[in-house]
Amino acid sequence: MKHICRILSALLALMLCLPGCMAEASDPAVALVNGEELLYSTYASIENAYLFQYESAGVDLTDPTNYAYVQDLALTYAIEQQLVVQDMRAQGCYELDAETEAWCVEQGKAAYEQALAEVGDMMRETLGLVEESDVTEYALSYAASLNVTEETYIDVYRTQYAAAKYQEWLIREQPVTEADVQAAYEARVEASKGLYGTDAAAFETAAVNGGEAWYRPAGYRSILQILLPAEGATEAEKLASVQETTDAITARLAQGEPFESLIREFGTDPSFSDEAFFSTGYQVHRDSVLWEEAFVAAAFSAEMAEPGCWSKPFASDIGVHILYYLADTPEGPVALSEELYDALAYVIYTERTQAAQEARIEELTASAVIEIY
Numbered sequence: 001m002k003h004i005c006r007i008l009s010a011l012l013a014l015m016l017c018l019p020g021c022m023a024e025a026s027d028p029a030v031a032l033v034n035g036e037e038l039l040y041s042t043y044a045s046i047e048n049a050y051l052f053q054y055e056s057a058g059v060d061l062t063d064p065t066n067y068a069y070v071q072d073l074a075l076t077y078a079i080e081q082q083l084v085v086q087d088m089r090a091q092g093c094y095e096l097d098a099e100t101e102a103w104c105v106e107q108g109k110a111a112y113e114q115a116l117a118e119v120g121d122m123m124r125e126t127l128g129l130v131e132e133s134d135v136t137e138y139a140l141s142y143a144a145s146l147n148v149t150e151e152t153y154i155d156v157y158r159t160q161y162a163a164a165k166y167q168e169w170l171i172r173e174q175p176v177t178e179a180d181v182q183a184a185y186e187a188r189v190e191a192s193k194g195l196y197g198t199d200a201a202a203f204e205t206a207a208v209n210g211g212e213a214w215y216r217p218a219g220y221r222s223i224l225q226i227l228l229p230a231e232g233a234t235e236a237e238k239l240a241s242v243q244e245t246t247d248a249i250t251a252r253l254a255q256g257e258p259f260e261s262l263i264r265e266f267g268t269d270p271s272f273s274d275e276a277f278f279s280t281g282y283q284v285h286r287d288s289v290l291w292e293e294a295f296v297a298a299a300f301s302a303e304m305a306e307p308g309c310w311s312k313p314f315a316s317d318i319g320v321h322i323l324y325y326l327a328d329t330p331e332g333p334v335a336l337s338e339e340l341y342d343a344l345a346y347v348i349y350t351e352r353t354q355a356a357q358e359a360r361i362e363e364l365t366a367s368a369v370i371e372i373y
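So for the sequence shown, my numbering puts the first residue at 1; every next one is plus one.
Possibly wrong hints are sitting among the right ones.
[What the hints assert, rightly or not] Restraint-style ranges between C-beta atoms, simulated for each label pair:
#: 1; residue 1: A90; residue 2: P333; range: 37 to 47 Å
#: 2; residue 1: S141; residue 2: D180; range: 23 to 33 Å
#: 3; residue 1: A90; residue 2: N48; range: 25 to 35 Å
These are calculated hints, taken from the structure and not from any lab test. Just so it is clear, CB atoms sit at the ideal spot from N, CA and C, and this is done for glycine as well.
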């Protein structure tokens with residue numbers, strides 16, 4: 001179900017607003033694929049998507065050559081998709097058990113109601129409708145004009161569930177195993193070590209930009225902080241506005257009170273609403289590029305000589321900070337948490353199913369009987 005939910009997540013948000021859903025008064029066949037008609041409405045929705053993609057990329061679609069190229073791409077893709085659907089039927093992917101069918105119906109109905117509500121909200125804003133009966137009537141008539149019903153949404157879930165079953169069938173002889181994930185993890189760790197093993201700035205830049213940063217360089221510290229809201233335009237004014245509080249905090253620290261308890265009493269940093277964050281804190285390096293210079297400077301100031309030390313108060317754009325040196329973070333691979341394991345397994349699964357489907361489409365196309373009108 002996990003893979004199915006991932007596949008479905010981006011499908012239904014604006015379905016009522018898609019021109020491809022509109023019923024065709026005349027819907028001729030554009031091709032015959034293994035004796036089954038490929039209808040113009042199916043082809044046209046794919047062509048529209050290609051046209052939008054190429055136009056957005058700046059391609060001149062008034063050029064007949066460019067337009068014909070896009071049409072050819074759309075027709076080829078439409079035929080391939082029809083071959084895949086035929087194959088899905090042949091492999092029994094559309095045969096859903098009672099529990100799955102009930103799930104598809106439940107999800108489809110909820111998605112349809114949500115889409116109607118969104119259309120209703122749009123109509124209230126653009127047309128000034130106030131009567132709920134008018135809003136409901138308009139939303140339903142709009143859906144009907146696009147030939148979209150509750151069953152349309154339910155069918156989307158059925159189809160996508162069937163597609164997920166088909167993907168499982170495609171890689172039935174090479175499912176993703178724990179050994180696959182571990183091997184992929186180790187390969188990524190080794191690659192990241194070569195790229196970032198001595199470059200904290202590159203490590204952080206890759207992590208923030210969605211790159212694969214699987215190896216943490218040496219030199220990181222786990223830093224906790226007490227963040228206080230402050231008033232004033234200058235650093236001096238901000239520090240003065242909370243001096244009574246910072247004096248009390250530093251006095252209690254000197255008496256041996258745990259920094260963590262003072263975070264709970266005084267701190268306003270929302271990161272510490274998660275109890276797990278107290279054991280990790282912020283990861284800060286002398287060469288960090290994620291933090292303000294003042295934050296990095298305080299984390300590596302003379303006062304922060306060893307774990308257990310705290311910094312002098314300093315000001316930033318968001319308030320006044322007191323930092324605490326919790327621990328040194330060891331150099332080495334980023335731990336393969338359950339969340340990272342699932343994400344990596346899904347990457348492998350996606351790569352494997354895409355490759356298998358491409359190979360299967362080539363096989364189906366080679367043996368297909370296709371007539372283009």
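Going through the hints against the structure:
1. A90 / P333: 37 to 47 Å: With Cβ atoms ~44 Å apart, the hint holds.
2. S141 / D180: 23 to 33 Å: violated (51 Å)
3. A90 / N48: 25 to 35 Å: holds (29 Å)
Hint compliance for this structure: hint 2 alone is broken.
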